[in-house]
Each structure stands twice: as C-alpha cells, then as structure tokens.
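Undergrad: Below, each chain spelled out in residue letters.
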Amino acid sequence: MEDLSLHILDIVQNSIAAMAKEIRIAVKEDELNDKLIVIVEDNGKGMDEETVKKVVDPFYTTRATRKVGLGVPLLSAAAEACGGSLRINSKFGKGTILEVWFPLSHIDRPPLGNMADTIISLIVCNPDVDFIYEHSTPRGKFDFDTRLIRKEVPHVSLGEPDILDWIRSYLSEGLNEISGGA
Amino acid sequence: MKSLQELEEIRKKTLESLYLRKDRAGTRIVVGMATCGIAAGARPVLLAFLEEIKKRNIKDVTVTQTGCIGVCRLEPMVEVYLPGQEKVTYVNMTPDKVARIVAQHIVNGQPVTEYTIGGQQKKND
Numbered sequence: 001m002e003d004l005s006l007h008i009l010d011i012v013q014n015s016i017a018a019m020a021k022e023i024r025i026a027v028k029e030d031e032l033n034d035k036l037i038v039i040v041e042d043n044g045k046g047m048d049e050e051t052v053k054k055v056v057d058p059f060y061t062t063r064a065t066r067k068v069g070l071g072v073p074l075l076s077a078a079a080e081a082c083g084g085s086l087r088i089n090s091k092f093g094k095g096t097i098l099e100v101w102f103p104l105s106h107i108d109r110p111p112l113g114n115m116a117d118t119i120i121s122l123i124v125c126n127p128d129v130d131f132i133y134e135h136s137t138p139r140g141k142f143d144f145d146t147r148l149i150r151k152e153v154p155h156v157s158l159g160e161p162d163i164l165d166w167i168r169s170y171l172s173e174g175l176n177e178i179s180g181g182a
Numbered sequence: 001m002k003s004l005q006e007l008e009e010i011r012k013k014t015l016e017s018l019y020l021r022k023d024r025a026g027t028r029i030v031v032g033m034a035t036c037g038i039a040a041g042a043r044p045v046l047l048a049f050l051e052e053i054k055k056r057n058i059k060d061v062t063v064t065q066t067g068c069i070g071v072c073r074l075e076p077m078v079e080v081y082l083p084g085q086e087k088v089t090y091v092n093m094t095p096d097k098v099a100r101i102v103a104q105h106i107v108n109g110q111p112v113t114e115y116t117i118g119g120q121q122k123k124n125d
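Line by line, the protein sequences give chains A and C.
For reference, each letter of the first sequence is one residue, going 1 to 182 in this note's numbering.
For reference, each letter of the second sequence is one residue, going 1 to 125 in this note's numbering.
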C-alpha cells in the first residue's frame with residue numbers, strides 16, 4: 001500500500017464484511033508524543049479471542065476465494081517496521097476496535113495520504129453504512145458524521161452525485177484547515 | 001466553508017431528478033475493493049468512474065464494490081452489468097481507461113473488448 005489512507009480503506013472493508021452499520025475512523029496526529037494513531041471501531045459481529053489471535057497471520061482468512069488475508073498483517077507490518085504496533089480488541093456480537101500507531105516523525109512511516117478520497121469511496125460503495133470520521137492535529141480537530149448529513153437529506157441516498165460533491169468539498173475544506181502534514 | 005443548510009437545496013434537486021431516472025435502471029459498475037484491488041489502484045479507478053458519470057450526467061447507474069474476485073494479478077478489476085446483457089469484466093484497470101468504458105459500454109452498450117480478460121490475453125500472446 002502506498003499510504004495509510006489506502007490501508008484504512010482496506011481495514012474498513014473488514015468492518016463492512018462483519019456487517020457493521022456504524023464505523024468510526026479516528027486519526028490523531030500527536031506531535032507532542034510523536035505518535036500517529038489510527039483507530040477503526042465498528043459495531044459489526046465481532047470476533048472471539050481465538051479469531052483475534054489469528055487475524056495478524058497472513059495465512060488466515062474467512063473467505064473462500066483465496067487462502068491469504070493480507071489486510072491486517074500488511075498494516076501491522078508497516079507499523080512494526082518503524083517501531084509502532086497494532087492491536088485489536090473485539091467482542092463477539094458487539095464489534096471490533098483496531099488501533100494502530102506509528103512514530104509520527106519516523107522516516108519510514110507511510111504518509112497519511114488522501115483521507116477525503118478514502119471516505120468518499122467508502123460512502124459511495126456503502127451508502128447505508130454510517131461513517132464517523134474524527135481527525136485531530138496540533139492545528140485543530142475536524143469531525144465528520146454521515147448521521148448528521150442523513151438527517152438533512154431524508155429519503156435521498158448519500159451515494160447521489162450532488163451529495164457526494166458536497167461531502168467531498170466539506171472534507172477537503174475541513175482537512176485543509178487542520179492539515180498537519182502527515 | 002460548506003454548511004449543512006446547503007444540503008436542503010441539494011436534497012430537493014436530487015428528489016426531483018430521481019423521478020426522471022428510468023433509462024439505465026439496473027446498470028451496475030462493481031469495483032473489486034479487497035486488499036489486492038486497493039493495493040493495485042482500485043480507489044482512483046472507482047473515483048474516475050464517479051467523475052465520468054457525473055460529467056456526462058448519466059442517471060440510474062450504481063457504482064459499488066465487491067471483495068476479492070479471485071484473480072489478484074489482474075487487479076484492479078471492474079465488472080459492468082448492463083440490463084439484458086452478460087456481465088463484462090475489465091482487468092488491469094487504470095483511471096485513463098474509464099472514460100472510454102463509460103462512453104462506449106455504459107452509454108452505447110458496446111463493451112471495450114481490449115480491456116477485458118480475453119482482450120488482455122490476446123495482447124500478451
């Protein structure tokens with residue numbers, strides 16, 4: 001993966017496969033502690049303890065189309081390559097929280113990439129799922145919540161082109177304002 | 001800065017146009033968005049389809065995703081479903097190929113054979 005926004009797009013696919021209806025993505029650029037933290041939290045079907053242990057193994061997958069499951073192992077390896085780490089907390093029937101952190105200033109840390117494109121792609125493909133996106137940098141905090149948008153546009157899918165255009169501008173403007181250069 | 005109030009105007013406009021959409025009901029563009037697809041460049045392809053559909057003001061086309069289609073070496077892959085026609089699978093997709101697929105296949109119903117699995121194999125033979 002070229003950047004973290006692509007990893008995040010990939011990790012959220014697991015939440016969608018777990019039938020989550022609400023997915024929170026949080027990105028925290030913490031210069032003080034030199035940490036870039038990404039959290040993906042969902043209310044999907046969750047995993048038991050045994051499965052949680054297996055998901056960082058690239059040769060474990062629940063799918064039948066192939067014998068490897070690389071999403072979590074790739075992100076975990078990217079974090080560990082520069083001294084960070086990944087952990088997963090999951091409760092069967094409740095949901096899953098994945099948290100990964102990177103040393104913010106590490107030269108090998110992948111760049112954050114285009115989070116607006118990732119959020120837009122997720123909404124287009126999953127207009128019925130709610131996404132909550134929180135991004136904080138030393139320059140401020142940006143919050144985005146599809147539940148609020150849904151309230152303003154009842155009976156209209158969030159995948160409609162004009163709504164997507166509005167969301168794209170909203171995300172770009174908001175993220176530009178707090179841009180921390182990650 | 002964008003405000004939530006602007007959405008009310010967009011909602012009215014969208015609801016009006018929803019009643020007009022009947023032409024291509026059922027047309028689906030499905031992008032492979034598993035780890036293999038995303039790593040190979042599925043996101044810019046997906047966004048290029050959205051852009052092209054908006055530019056041409058095409059109604060009634062759904063852009064959506066699927067998991068691993070099973071031939072990871074040919075990712076990014078895109079499946080196009082047109083009502084009454086067989087599914088067409090495009091492989092090794094790039095954003096540059098999108099405009100032609102939309103114009104030739106989605107609008108005019110003629111698949112771009114050279115971008116499909118068969119077309120790519122012929123090229124390699």
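There's no promise every hint is true.
Pulled from the structure, derived: some chain A residues nowhere near chain C, Cβ distances all over 10 Å [unchecked claim]: (1) K94; (2) W166; (3) S179.
In silico DSS-like links for lysine-lysine, alpha-carbon gap of 30 Å or less [said to hold, decoys possible]: (4) C:K2 - A:K94; (5) A:K141 - C:K59; (6) C:K97 - A:K21.
Simulated restraints on C-beta separations [said to hold, decoys possible]: (7) A:E134 - C:T66: 39 to 45 Å; (8) C:G118 - A:P138: 51 to 57 Å; (9) C:Q120 - A:D143: 23 to 29 Å.
If you are wondering where the hints come from, they were derived from the structure by calculation, not from laboratory data.
Just so it is clear, CB atoms sit at the ideal spot from N, CA and C, and this is done for glycine as well.
Undergrad: With reference to the structure, classify each hint as holding or not holding.
TA: Results of checking the hints against the structure:
no.	hint	result
1	K94	holds, 23 Å
2	W166	violated, 6 Å
3	S179	holds, 15 Å
4	C:K2 - A:K94	violated, 35 Å
5	A:K141 - C:K59	violated, 36 Å
6	C:K97 - A:K21	violated, 33 Å
7	A:E134 - C:T66: 39 to 45 Å	violated, 28 Å
8	C:G118 - A:P138: 51 to 57 Å	holds, 53 Å
9	C:Q120 - A:D143: 23 to 29 Å	violated, 44 Å
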